[in-house]
Amino acid sequence: MIFFGFLGITTPWLLLAFILLPVLWFVLRAVPPAAKRRRFPGVTLLLELRDYDTEPDNTPWWLLLLRTIIISCLIVGFSEPFLNFDSIDDKNADLLVIMDGSWADAPNWKSQKKEALRVVQQAKNSGQKVAFLQLTDPIESLVFSAASDAQRQIQAAEPNAWLPNINSAEILTNLDNFDTYWIASAVQWPRQSEFIEVLLDKGNVRVSQTSTALFGLLPISFTEQGIKVTGTRLKSKSTQQVPINIMGLDPSGVERLLQASVLNFEVGMLQASEAIKLPKEIRNRITRIMVVGQQSAVGVRVLGDNNSRSEVAIISGGSGAREGLKLLSQEHYLTKALELSNDLIDGTIEDILLANPDAIILTDIVKISARAAISEWIERGGTLIRFAGPNLAAANHDLQKTDDLMPVKLRRGGRSLGGAMSWGSPKTLQSFEEDTPFFGLPTPIEVKVTAQVLAQPSPMLSTHVIARLSDGTPLVTQKKLGQGRVVLFHITANTEWSNLPISGLFVSMLDRLVSNGAKASFEPVALAGTTWKLSQELSAFGKLKSAGDRAGIDGQSLIDKGITSKSPPGIYEKETLRWTINLLKDDSNFKPPNWPSLVDLVGPLISPLQSLTALFLIVALVLLAFDVLISLWMSGKLLGVGTIFAALLALLSLTPENTRAQTVSDRSIIATRDVVLAYVRTGDVRQDEISSAGLLGLSLALNQRTSIEPATPLGVSLAVDELSFYPFLYWPITPAQKTPTADELQKLNRYLKGGGLILFDTKDADISKFGQSTIEAQTLKEITVGLNLPPLSLISRDHVLTRSFYLLQEFPGRYAGTEVWLEASSAKKNTINKKPFRNSNDGVTPVIIGGNDWASAWAVDSSGQPLLPVGRGVSGERQREIALRFGINLIMHVLTGNYKSDQVHVPALLDRLGK
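Using the working numbering, you'd call the opening residue of the sequence shown number 340 and step up by one each time.
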């Protein structure tokens, strides 16, 4: 490879063919052009004459020049020339190519790799040695070698989900001088300035900084009605609306979209927040929140046990004379302490146990109903928290019996402090011991206890005490019961016996208890000495992947060291706990790099090498065609213009029909030739894949069980495709769908009027059947506002859809039990032979609306196996079969109309058969 300024030649040895040009010149010059033939009868008189003075005709010089240019273009074209406007300044120095390789690079990773490969190719063309450095990878040493080695490293490079944090002195100090080409992200990282200074000491530094709109998600917070999502961005010069998706598990354990929302950034704002309303049933299902359309880990927030809210039930037993004063009751104090960070549920003890809360709190209750059920719930992992009071203090406790729902045996009467008849002055709290749930919490000196119920002394009493007063008497005791525990506060939950309930310590103590220890496990003090294993790692592109067999990591180091290659973001597990570590904290923000003036900023991307091979070869072919025409003209063999034009028309007549028209009509031809089930493309890639797989499964079932042989299902765009070719449209509703335009609504109305059927599927039956309004239902209302829909009613038991092929009375999909709506049948009654007959449906219903997620139940993979789970075990497979039968009935109804509802002749036929 050689260079002539900006012109490079990949195969320079082919240029040796120019040596043959003089030889070709003389050969072409010696060969005269073909003689012109003319019909002349008198030429016979010249046959015997001899011409002793003849001079052969030579090829004209301009034709020789044309042919020489043709050969020259062919030689240059085959030598693969290219233009190279971007060149490294010093061709003699080694070149270090750097990429950050962090989550900030993930959205533009492919283009960055292409740029790095082009830079290395330029260095290779210049004969430079190259070293490649990805700053987020482990770095031992740098070696400058052949450019091909760096190319292989770049092709295999993948970004990591953490920012660089390297010791540049250890890596670069001992190297000789070199130039640097740095493909940098738009986010500054620690010790970046120090790294730049070392690079400038070694040689020239050129930086190509990626320009991208980067959005990150900060920790979420819970509100009374849902959650609050906060995002941050890199640039604040414009107004932006950033869509986000909230993902979570459905009842079958499959992740799906729970809610969609938008973060609205105003000009000058780097952060934006959005309060999102979510029912309690949905809130704890959330698994992750993500920025739509951004492939970066910083735009994903994974949730685990450290983000969950506990469900707590409070059951009050009253508190003597103050029982009627709500604001002074124990229940009021507990509600205020717990409602901000927990979900409170109420009801009877039986109903509460069915909800399986994390904790149940009993205030001053002596006799407990459903004791066996409560004990069973505790053994499965529940936490029962009891508070003392006048009733419990006055109860006649049987010291001979052990109460499973009381951690220790109590004395009768309790203890009073600080009054005229008291045992002593009010007592403060001792510091919490290390093996207790409250270890690490401060014990304010102003917190004092004036009364308490006392525990009966026993050798094992100290093993149950988890909080003490300053005199050593128990304040809080607990007992393990199966996988759960029973906890007793020896004071009331209001201020009658202590001022603890109006302190922040009370809230912290309850938070550590109600979550069955989960929240306490994530406190810095509790993490010390614990070992966590990474189960799922969050990639730089924001995808969760299996972490493989990794060694356990100390919990304290996960907090101290932050996110590194040894402690990447993702899901960490310890026993039954799941701890999610994400990239951004509450105070995180993006800072752009601050480049020194000596750094040469070259823009986000350099221009690629521009190959000239095609240009030279095309020029050669054009000139060659021109040469042929000239040769034909000089020999008199060139046809007339009319003849040439006629030949061109004949040639064009042999070509296929208009290609564009054929391409446009391909889908239409398929749809008119075969039965094609179609689905509306939503823009959600995952949902469109499920829709396609669902209709494929239904098509296979139709092919196997009926005479219908559908072709491969197709996705249609309302804006582009003609709908009239498809008898059936499956339309899954997703929250992010846009309302159809006026033209699209007109097209849909024509489709419905022409006999088409649309199945609207909101896929929200798992939520809506509990009476919850869903975003999918609201989206459906917005979509159908402009459609000419008939009056709708629930599907009746005698509708033709219940017997068009199979006899059905239920219509499940992946979910079951919700209502299915279609065109209302006429209420008019006809009589046949004086016998009433109800005409259930005079034609095909144009629309069916439901939320059972039928496509997921029909969906199969390429081998014909079910793609998604439905229910559990045998009952789930039975539900899938009924869903397929509903789909078959639906298509039979679409294609055959109401022939099975035409039963006017049934009574007469039965009467004739009877005779």
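Worth flagging that the hints you see were computed from the coordinates, not collected in a lab.
Please note that the accuracy of each hint is not assured.
Stated by the list, open to error - With a straight-line cut-off of 30 Å between C-alpha atoms, the simulated BS3-like cross-links for lysine-lysine are:
hint : residue 1 : residue 2
1    : K449      : K748
2    : K675      : K541
3    : K1092     : K619
4    : K819      : K706
5    : K574      : K619
6    : K819      : K882
7    : K1086     : K616
8    : K924      : K882
9    : K567      : K541
10   : K468      : K665
To be verified - Ranges of calculated distance between the beta carbons of each label pair, as one might list FRET restraints:
hint : residue 1 : residue 2 : range
11   : A1075     : T1051     : 25 to 31 Å
12   : D1013     : S1202     : 45 to 51 Å
13   : K900      : I784      : 43 to 49 Å
14   : K574      : L968      : 33 to 39 Å
15   : L363      : D488      : 42 to 48 Å
16   : K884      : T1235     : 20 to 26 Å
17   : L404      : I1009     : 53 to 59 Å
18   : L363      : A1058     : 56 to 62 Å
19   : D1137     : G720      : 22 to 28 Å
20   : V601      : E1220     : 53 to 59 Å
21   : G592      : K567      : 49 to 55 Å
The model shown is predicted, which means the values in this text are computed figures rather than measured ones.
Yeah, the Cβ is synthetic: ideal placement off N, Cα and C, and Gly gets one too.
Checked hints:
{"no.": "1", "hint": "K449 - K748", "result": "69 Å, violated"}
{"no.": "2", "hint": "K675 - K541", "result": "63 Å, violated"}
{"no.": "3", "hint": "K1092 - K619", "result": "42 Å, violated"}
{"no.": "4", "hint": "K819 - K706", "result": "21 Å, holds"}
{"no.": "5", "hint": "K574 - K619", "result": "35 Å, violated"}
{"no.": "6", "hint": "K819 - K882", "result": "40 Å, violated"}
{"no.": "7", "hint": "K1086 - K616", "result": "35 Å, violated"}
{"no.": "8", "hint": "K924 - K882", "result": "19 Å, holds"}
{"no.": "9", "hint": "K567 - K541", "result": "49 Å, violated"}
{"no.": "10", "hint": "K468 - K665", "result": "81 Å, violated"}
{"no.": "11", "hint": "A1075 - T1051: 25 to 31 Å", "result": "26 Å, holds"}
{"no.": "12", "hint": "D1013 - S1202: 45 to 51 Å", "result": "23 Å, violated"}
{"no.": "13", "hint": "K900 - I784: 43 to 49 Å", "result": "36 Å, violated"}
{"no.": "14", "hint": "K574 - L968: 33 to 39 Å", "result": "59 Å, violated"}
{"no.": "15", "hint": "L363 - D488: 42 to 48 Å", "result": "43 Å, holds"}
{"no.": "16", "hint": "K884 - T1235: 20 to 26 Å", "result": "49 Å, violated"}
{"no.": "17", "hint": "L404 - I1009: 53 to 59 Å", "result": "56 Å, holds"}
{"no.": "18", "hint": "L363 - A1058: 56 to 62 Å", "result": "59 Å, holds"}
{"no.": "19", "hint": "D1137 - G720: 22 to 28 Å", "result": "50 Å, violated"}
{"no.": "20", "hint": "V601 - E1220: 53 to 59 Å", "result": "41 Å, violated"}
{"no.": "21", "hint": "G592 - K567: 49 to 55 Å", "result": "27 Å, violated"}
Violated hints for the displayed structure, listed by number in ascending order: 1, 2, 3, 5, 6, 7, 9, 10, 12, 13, 14, 16, 19, 20 and 21.
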